[in-house]
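Student: Each chain, written out:
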Amino acid sequence: MPVISYREALNQAMREEMERDPDVFIMGEEVGHYNGAYKVTQGLLNHFSERRVIDAPIAEMGFAGIGVGAAMVGLRPIIEFMTFNFSLVAIDQIVNNAAKIFQMSGGQFNVPIVFRGPGGPAVQVGSQHSQSLESFYANVPGLKVVMPSTAYDAKGLLKTAIRDDNPVVFIEGETLYNSTWEVPTTEYLIPFGKADVKRVGQHVTLIAWSKMVWTCLDAAKELAKDGIEAEVVDVRSLRPLDHDTICSSVAKTGRCVIVEVGWPVAGYGAEVAYQVQRACLDQLDAPIERVTSDDVPMPYAKNLEDEVQPQIKDVIAAVKRALYLA
Amino acid sequence: MTTPESARVEPVDESVTTTTVEELRPLYRQMLAIRRLEEASAKAYSQGKIGGFLHLIIGQEAVCVGAIAALAADDYVVATYREHGHAYAKGVAARPIMAELYGKKTGLVKGLGGSMHLFDKSKGFLGGYGIVGGHVPIAAGAALAAKYRGDGKVAMCFFGEGASTIGGFAEGIALAALWKLPAVFICENNQYSMGTPLYRSLAVEDVSLRALAHGMARDRFDGDDVVKVKRRIAEAVQRARDTSEPTLVEVVTYRFRGHSMSDPGLYRTKDEVEEWKRRDPLTRSRQRLIDLGATEADVVALEDDVKAEIEDAVHFAETSPAADAYLPYVIKE
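For the protein sequence lines, the chains are A and B, in the order given. To convert, note that position 265 of the first sequence is 546 in the working numbering; the numbers rise steadily by one, no gaps. To convert, note that position 285 of the second sequence is 426 in the working numbering; the numbers rise steadily by one, no gaps.
Isolated chain A, as found in the complex:
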């Protein structure tokens, strides 16, 4: 099976879906002639045309809304935000229009649109370019929120997102574009609401998404040296959330640590913690632990930036608390 990058996997997903359905088009800043700010749309303009790969000027609210309008009358836009930080100037279109129109119209108009682009902290790009906005979007009924951690998941989930009849917020890991994984050459789709157990273990359940899955896998390797086998559950889609896989893992291990790169207050991990205690209270042998970034805008200096975000040592410390070893 070929090993490809996360970036290439996303590119393949869009290319295949655009071949399959002439109503799919991509719009965003620098997606065409520049081949994508992060090169995710590399080659698409050449392969298709300016009709279907549309370079937009800097007007996120405008082109996100144009996507919503086009989707209402049957097209299937993929709106690329150069980074999800810029989605904040388009959030009215995502929250007030895309998410609400199906219900607000009594079920007459659905909005099959994908808002995609990189999110989460990258490396030393400062506070306005380093934030995890999934908790904002996961709060909104009418949206689906997806955050793949691997190239395999990225391709299968993006194809599902493009075929979904509802608005999907698809947040890619900004630091994951060069990460690689085995990806089959035959077509596959990954359904939303299906978490993936990325590592099997019996002592503690680590729940994460996007780049924190990798941090958890690294932490699990370290923990294994001490004889602690951590199970790593990658939720993959935050909305819908796969309660069954999470709860069956926690029921098995009796310990739960939720790791997210977002801020602590009202972060999505708090919702996961609520769901876990609600469903698995009798199986829990310790309070649920959360590991998050610190409650601050991201500093620039590399040492401080690292300190703010969850590190392997933070995950290990949380696991040891959950096991009453600390």
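In short, the hints are calculated from the structure, not lab data. Even glycine gets a Cβ: it sits at the ideal position worked out from N, Cα and C. A portion of the hints provided could be inaccurate.
As the list claims (entries may be wrong) - Here are the simulated lysine-lysine pairs, BS3-like style, with alpha carbons at most 30 Å apart:
no., chain 1, residue 1, chain 2, residue 2
1, B, 321, A, 320
2, B, 184, B, 448
3, A, 475, A, 320
4, B, 184, B, 418
5, B, 418, A, 320
6, A, 594, A, 533
To be verified - Partner residues are not named here, just some residues of chain A that face chain B (Cβ under 10 Å, in silico):
no., residue
7, 302
8, 304
9, 306
10, 345
11, 351
12, 352
13, 374
14, 383
15, 387
16, 389
17, 391
18, 424
19, 582
Guided by the hints, dock chain B onto chain A, whose structure is given.
Tutor: Same frame as chain A, but now just chain B:
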């Protein structure tokens, strides 16, 4: 008071407003039905039968009726929260509109949208939106889809002059101009952004001038005469259909009531309101019908018919079952 005629963009031959009883009668009927619908909803609101916000279009009827009359049946319309009239002009019946205001199961959107969120897919009515200016890009998107498919449809977007200061408007028209989208953007300038008059909200009171920065066609005129509105908007619709170029059209009008039912309109003088009521587009069209040869009996018969239609809509809303389901219209996860 604004004098829109002096700011006309290009001279237009007034003979274009020449009309016939056959053309004017249905326009007058639509305007009257909208006014009676609004009056009936105001009454129901004061009785507590309609909740939330209720924004009436009384005084401005000639704009939506004239403009939408210039469209084909399958063209798109996107409107604001003051959109009962636009929905009616696009072909939605009074019954489901009134039932929606009442929050009933038989409402246009099953009691899920209310006054500000009427939608009718079968009529190409893409909705009423409550966030000022946020719907302008949606209209551009529908126009983009028309161009993408080459299906010849046109998207018409209505907004108030209050929307001209917000980003959604600026970005929506900028992209429509850049990509030459078949859209007609209609600013219904009723001269008050809620309670704020033009001079306190716009450095330049002529909204149509915004088109210049984008190399976009523009037009500006008053909205007293429904036939004039239809003719002038038809030029923009034709431009969109023939050459896929958008137009920004500003129609100066006046709402006789407050911004919403909770607004007594104390920021305007009685004289000013009375002055505009003397220009009432309904009175003008009614007189025009008579001048063109319609008999008083004809017109009264039409008016009786409208009265019955709206009474029936109110009865329908009153006697319809309550809204009962919202879960089927929340996306399945």
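Student: Hint by hint, say whether it matches the structure.
Tutor: Cross-check of the supplied hints:
For the given pair, residue 321 (chain B) sits about 28 Å from residue 320 (chain A) by alpha-carbon distance, which is consistent with the 30 Å threshold. For the hint linking residue 184 (chain B) to residue 448 (chain B), the alpha-carbon distance of about 14 Å falls within 30 Å, and the restraint holds. A distance of roughly 28 Å separates the Cα atoms of residue 475 (chain A) and residue 320 (chain A); the hinted pair therefore holds under the 30 Å criterion. Between the alpha carbons of residue 184 (chain B) and residue 418 (chain B) the distance comes to roughly 20 Å, so the proposed pair stays at or under 30 Å and holds.
In summary, the hint linking residue 418 (chain B) to residue 320 (chain A) is not supported, as the alpha carbons are separated by about 60 Å, beyond the 30 Å threshold. Restraint check for residue 594 (chain A) and residue 533 (chain A): the C-alpha separation of about 24 Å stays at or below 30 Å, so the hint holds. Nearest Cβ of chain B to the Cβ of residue 302 (chain A): about 13 Å, over the 10 Å cut. The hint is violated. Here the hint on residue 304 (chain A) is kept, as its CB sits about 8 Å from the closest CB of chain B, short of 10 Å.
Evaluation of the residue 306 (chain A) hint against chain B yields a held restraint, the C-beta minimum of about 7 Å falling below 10 Å. Below 10 Å, beta-carbon pairs count as interface contacts, and residue 345 (chain A) has one with chain B at about 7 Å; its hint therefore holds. The beta carbon of residue 351 (chain A) is positioned within 10 Å of a beta carbon in chain B (closest approach about 4 Å), and the interface hint is therefore held. A cut of 10 Å between beta carbons decides the hint on residue 352 (chain A): the least distance to chain B is about 7 Å, and the hint holds.
For residue 374 (chain A), the suggested interface contact is upheld, since its CB lies about 7 Å from the closest CB of chain B, less than 10 Å. Residue-level restraint check for residue 383 (chain A) holds (minimum Cβ-Cβ distance to chain B is 6 Å; threshold 10 Å). Because the beta carbon of residue 387 (chain A) sits about 3 Å from the nearest beta carbon in chain B, less than 10 Å, this interface hint is met. Here the hint on residue 389 (chain A) is kept, as its CB sits about 4 Å from the closest CB of chain B, short of 10 Å.
Interface restraint check: residue 391 (chain A) against chain B, minimum CB-CB distance 8 Å, threshold 10 Å, status holds. Here the hint on residue 424 (chain A) is kept, as its CB sits about 8 Å from the closest CB of chain B, short of 10 Å. Here the hint on residue 582 (chain A) is broken, as its CB sits about 34 Å from the closest CB of chain B, past 10 Å.
Violated hints, listed in ascending order, are 5, 7, 19; each of the other numbered hints is respected by the structure.
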